[in-house]
Structures are given as structure tokens and as C-alpha cells.
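Hey, can you work out the whole structure from these sequences and the hints?
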Amino acid sequence: MKVKNSVEQAICLLIIIAHSNDEKPLKSYNISDSLGVSDSYLKKITRQLVVSGLITSKASKRGGFVLNRETKDISFLDIFDAIEGKENFIETTHLMDKVFDSSIKVAETENVFMEYLNNAEEQYRSKLKEITLERIIKVAHKVEKETVHVDSVLK
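The number in my numbering is simply the position in the sequence shown, starting from 1, with 54 added.
FYI, nobody ran anything at the bench for these hints, they're computed from the structure. None of these values were measured; they are calculated from a predicted model. Check each hint, because a few of them may be wrong.
[What the hints assert, rightly or not] DSS-like mimics (lysine-lysine), calculated; alpha carbons at most 30 Å apart, straight line:
| no. | residue 1 | residue 2 |
| --- | --- | --- |
| 1 | 98 | 183 |
| 2 | 56 | 192 |
| 3 | 81 | 98 |
| 4 | 126 | 56 |
| 5 | 115 | 56 |
| 6 | 126 | 181 |
| 7 | 97 | 115 |
| 8 | 196 | 58 |
| 9 | 81 | 152 |
Next up, the structure:
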């Protein structure tokens, strides 16, 4: 499985919004300049974040984007789901029916196969839920010479 680049960009976009002054929403062109991505591409990402409820778009001369939740309440899973969707990673196409002879337990074999993949997905989603934007921001502000390992980030 490959995660879209949009997920990383969404994480960075949300961190930029979190660092902005709460009184002043950020315009998409300011964010796209900061990230070095096209404004039209960024608008597609912001639209997905608005639909998912992670940010709000305020339309006015002083409008822009603001977070709907505190950074401690936004997990990587929330961001992943907003960009990638909540569908299962894999759905069976029942190709095993074509691979194995019908005299063996094809359905049972397929169930074992799918169980392993579904368990892997659950573990992946569980790990994404453990880390929040707040935690990433805190890690970013640690002393430069300090080495930060993934396990310490998740604590």
C-alpha cells in the first residue's frame, strides 16, 4: 500500500494552520507558498479536510482556514481518513476460486488470507491513531541535537 503525498501535505498544512494566529485565518495561497505546492492542488486537499471536519473555511476578505479541533485531538488517522478515505485497504475479488481446485477449501483459504490483511490494516490504523499533531509539534521543538525515535514519539 502506498500512502498519497497528499497525506504528508495535509499534515504539514494542518501544522501551519495550527501555528497561525487564531485571530487570523490563513489563506490558501499563503499556505501553498509556504509548502511550495500549487494553490489549485492545495485547494483539493483543503476541501477534503473541510469535508472531514478537521478545518473550517471562512469566506470573507479576512477569511481563510482555521482548525476545528485542538492539535491534541487530531490524529494521523483522522488526516489519513480525510485524504485516503475510510474504505478497507483491500476487498476480495474471489480470484482464489480461479486459482484453487473447487475440491479444496477455497472459501476457508480466502478467509485466512483476508483475515491476515484485515489484521494488518487494523494495526496500521491503530498506530496512526496513536500520534497526534500536538505530539509532532512538540517533537519538532525539541533540542536539535537530540535524536528522536518513533517509539518515544508515541509515548
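The hints, checked one at a time:
The suggested pairing of residue 98 with residue 183 holds, with an alpha-carbon distance near 23 Å, which does not exceed 30 Å. Among the hinted pairs, residue 56 with residue 192 is consistent with the structure: their alpha-carbon atoms are about 27 Å apart, no more than 30 Å. For the hint linking residue 81 to residue 98, the alpha-carbon distance of about 14 Å falls within 30 Å, and the restraint holds. Distance check on the hinted pair: residue 126 and residue 56 sit about 26 Å apart at the alpha-carbon level, within 30 Å; holds.
As the CA atoms of residue 115 and residue 56 are separated by approximately 39 Å, the hinted pair breaks the 30 Å bound. Proximity of residue 126 to residue 181 is assessed by CA-CA distance (about 15 Å); at most 30 Å being required, the pair is judged to hold. Pair hint residue 97 plus residue 115 holds up; C-alpha atoms about 17 Å apart against a cutoff of 30 Å. A hinted pair counts as satisfied when its Cα atoms are at most 30 Å apart, and residue 196 with residue 58 qualifies at roughly 28 Å.
Of the supplied pair hints, the one linking residue 81 and residue 152 is violated, its CA atoms being roughly 53 Å apart against a limit of 30 Å.
Of the hints listed earlier, those the structure fails to meet are numbers 5, 9, in rising order.
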